Every structure is written in C-alpha cells, then in structure tokens.
Amino acid sequence: MFRAIHFKIGEISDNYRQQVAVSSKISAVELYIADRRQRDDNELNSGRTFERTFGRIFGRTFGRILYNYKLYFIVLNMTIYNLYMFDRDGTLLYYGEWNRHKQAGMSRDENNSSCRGVILSVYMFYIHVSPTDVKEGFLSYCTNKYRLNLYESPSRIKFILNTDIHAQGVKELLHQIYTQVYVEYVVYNPMCKLGTPIESELFAAKLDETIKQSPLYVSRSS
Amino acid sequence: MTIYSLFVLSKSGGLIYHHDHSVPTIENEKTFSYPMEVKLDVQNRNVTVVYGQRDGIKVGHILVSLNGIKVTGTQLDDGRDAMEILANAENYPINLKFARARLTTNEKIFQASMFYPLYALASQLSPEPRSSGIEVMEADNFKLNCFQTLTGVKFLIVSDTRQVGIDILLKRIYELYADFALKNPFYSLEMPVRCELFDENLKATLEQAEKSGISNI
Chain A
7 MFRAIHFKIG
17 EISDNYRQQV
27 AVSSKISAVE
37 LYIADRRQRD
47 DNELNSGRTF
57 ERTFGRIFGR
67 TFGRILYNYK
77 LYFIVLNMTI
87 YNLYMFDRDG
97 TLLYYGEWNR
107 HKQAGMSRDE
117 NNSSCRGVIL
127 SVYMFYIHVS
137 PTDVKEGFLS
147 YCTNKYRLNL
157 YESPSRIKFI
167 LNTDIHAQGV
177 KELLHQIYTQ
187 VYVEYVVYNP
197 MCKLGTPIES
207 ELFAAKLDET
217 IKQSPLYVSR
227 SS
Chain B
1237 MTIYSLFVLS
1247 KSGGLIYHHD
1257 HSVPTIENEK
1267 TFSYPMEVKL
1277 DVQNRNVTVV
1287 YGQRDGIKVG
1297 HILVSLNGIK
1307 VTGTQLDDGR
1317 DAMEILANAE
1327 NYPINLKFAR
1337 ARLTTNEKIF
1347 QASMFYPLYA
1357 LASQLSPEPR
1367 SSGIEVMEAD
1377 NFKLNCFQTL
1387 TGVKFLIVSD
1397 TRQVGIDILL
1407 KRIYELYADF
1417 ALKNPFYSLE
1427 MPVRCELFDE
1437 NLKATLEQAE
1447 KSGISNI
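As you go down the protein sequences, you meet chains A and B in turn.
Counting in our numbering, the final residue of the first sequence is number 228, and the numbers go up one at a time with none missing.
Counting in our numbering, the final residue of the second sequence is number 1453, and the numbers go up one at a time with none missing.
None of these hints come from the bench; they were simulated from the model.
If you're wondering where the values come from, they're calculated on a predicted model, not measured in any experiment.
Ideal Cβ positions, reconstructed from N, Cα and C, are used throughout, including at glycine.
One thing to keep in mind: the hints can contain errors.
[What the hints assert, rightly or not] To give an idea of the chain A side of the interface with chain B (calculated C-beta under 10 angstroms), a few residues:
1) Y87
2) R94
3) D95
4) H107
5) G123
6) V124
7) H134
8) V135
9) P137
10) V140
11) S146
12) N150
13) K151
14) N168
15) I171
16) E178
[As the list claims (entries may be wrong)] Simulated pairs of lysine to any residue, SDA-like, Cα-Cα distance not exceeding 25 angstroms:
17) B:K1379 x A:E142
18) A:K141 x B:I1293
19) B:K1379 x A:K218
20) B:K1379 x A:S159
21) A:K141 x B:Q1279
22) A:K218 x B:E1364
23) B:K1344 x B:S1258
24) A:K177 x B:E1364
25) A:K141 x B:Q1289
26) B:K1294 x A:M197
27) B:K1266 x A:T138
28) B:K1247 x A:A211
29) A:K141 x B:T1397
I would like the entire structure built from these sequences, with the hints used as guidance.
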C-alpha cells in the first residue's frame, strides 16, 4: 500500500525525479522528516508530517534542511472500494463498486441490508454515546483495512463510501457527488422517480467519472 | 484534549467496566413565562424537551431543576410532580434548568452491547479480506477508539477528536487490566470488574495521560 524511500540529503532532488518518473500513480505524498539519530529508521510516527508539500519543498527548502535530518518519501496509493446510496426510508438507490477484492460471504441483497442496518445502528449508538450535543453527526469509522465514510444530505439521502484508511477529503468528495452528480442527473431528471433505485446510465457514467477523477482514486492493478 | 470515558467489554459482549473520567456538564438555566415556548413531554421517565430549541436548550435535554429545587425524573425533591406545576399558569414566571441527559448504568450496558455486533458487522462488510472490526469511530465532537485483545476483550475510549496516541493508552490500560483484574484471585472472568487497585491505577494513568501527554506513561 505504501513504500518508504530513504534519501540522504543531497541525493534527494535526483531521486525524487526518478521516483516521479517510475510511478505515475502518486495521489498523495506524506513527507516525514525524522531525526537521523532515531534507532528505528522505519518508524513512521516521528511526529512531524507534511502532506503534499513536496511541491513546495522541492528546490529551495532542501538546502535549508539541517544536516542531522533524514528525509522519507512515503507514497500512499489511496483507493475507493465501493459506494452505497440509501434514501430516507432505507431503500437502496445505487450501489457502485470499483476495487472490491473480497466478495462478502452473503448475497448482494443481504450485504445491502447489513450496510443499512449498520449505519442506522451506528448512528443511534453515536447519539447516545456522544458526550456533548450532536452537531453534524457521525462521520466515519475506520478498521485496520478500510474506512467507511458517511455523508447525509439535508434530505436524508445517505452516501456511504468505503475507502482505504489513509483517505482524506472524503467529505468534500461526497458533497461533490451529491451536488454535482445526484442532484444534477437524478433529481432534475424527469424520468427518474425519487425513492426507487436509480437506473439512469447517465448518472452511472457521471458518477464513475467523478470518482475516477478524484485524487482519492487509484487503480489497484498497478 | 480530554478523555471522556472508558468502557471495557468482555468476550461475550457484556459491559464489565465503565469509567467516566471527565464528562462535560452542559446546563442551561432560563426563566419562562406562561405560555412557554419550549414544549416539554415525559419521555423515558424524564421531563424532556421535545420542541422549541433555543438559547442552548436543545431537543433531548431533560429538566434537572425547577425554581432551584432539584428534579429527579418527573418529581421534585419535595414530592410534587413537575408536569403538574408546569401546567398550572399561577406558578409562572418559573425558573427551569435543563441539562443533557447522562447515560445511566443500564443505558451504558445497552449501548456497549450494541457496539459488540457493530464491531463484528464492520469486519463482514469489509471490501478487503481479513479486516478487523471498528478501530476508530469519528464524529465532529468526539472520537471513539476500540482495541480488541487476542482474547476478545474490547477496550473503548471516548475522547476528544484531537487527542492523539490513544492506541498506546489503550494498550497500557490492557496491561493494567491484566495486572490488577486478571491476576486478582477473587475476580472471575466475564464478571464486572470490582478491583480497587485497577480503579486507582486506571485513574492515575488517565490523569497522567491528560497532564503530561500520552507518550510519558
């Protein structure tokens, strides 16, 4: 899922160019600057992380990095696995999958009902356990292999997106899917009946395009 | 950067220990005149706000005090019924204090048992093979971390969203559980943990974690 490349100061600019040429699938780069005196070189939690700064850091800042520090480039491939859309009554409106590697042990219908059940239960659990008042609601949960993100529109349409654990900015992506894809191609479509599963191919195509164009999506076949 | 509470679930899913470290108390006091803009109703044996959210008093808050007299459930401390007093126009203007309902022990047991199947379902729904259950659950006002041990015991911590290093803290609490609860000869497995040493050391660890940061424990 990610590779750590260790560079010495001075070799960085050449190696970086090589790295970019080799891998065209970089979607996010986290830059870790670790103390050279740390015993375990592969420890990633050095406490200082810079996201997407290789654009800024490349060039000027390298000269300013102190001699005592090593530079790690960690290249993360972020992926999107699948998307469920449920409406306010719990009907499944759409299910799309991009990179699903494990088929659930149950049938597709049971899988959808489980997902709906989990979301409802998690939401109720969240409301009870929350120590302060509920403002925006439950956002996401994370296991060791995937992260489930939930976005609920003001009309209680739920978008559930399974991504990998390092995904960021998913809320904006889901909001974009809601406003630019769902509202445009389903709500405004006179042929699409709201509250029933979406059969519009235009919607499916546009959704596919939006997902594939987002920085969160990288094909797993690489 | 606070830790709100800790729950420990046994292998079979029952709550065996819970500890509220620092639960924020949200209370709002307001004087009302007849007729009230806030609609109250009895829900769950408590006088609850159902409509008319204003001034910090939100839907779901319960009445805790009326004119300075503490209210438990629907009854005041002096025996009178709160709903009757509120229905009578002569008692106005009236001073009411509302607070967010705290979880009772029964409700905690209920919610913890709710978490156990959610954990299992999360691993079933996974698009990737061999996924664990829910490890971190995030919302905008709190974060829940869960650590499952090899024996199936789950430790849950509800904390602030910006708190870091909770997984280290969870492992440390697991060590305390192994030292002071499991090694206690009077403690039987799957039963509620009632070991003084566990309580004391847990409180000390949590306080130290809050004061000097988790990397120091």
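Query raised in the report: Looking at the structure, which of the earlier hints fail to hold?
Result: 2, 3, 16, 19, 26 and 28
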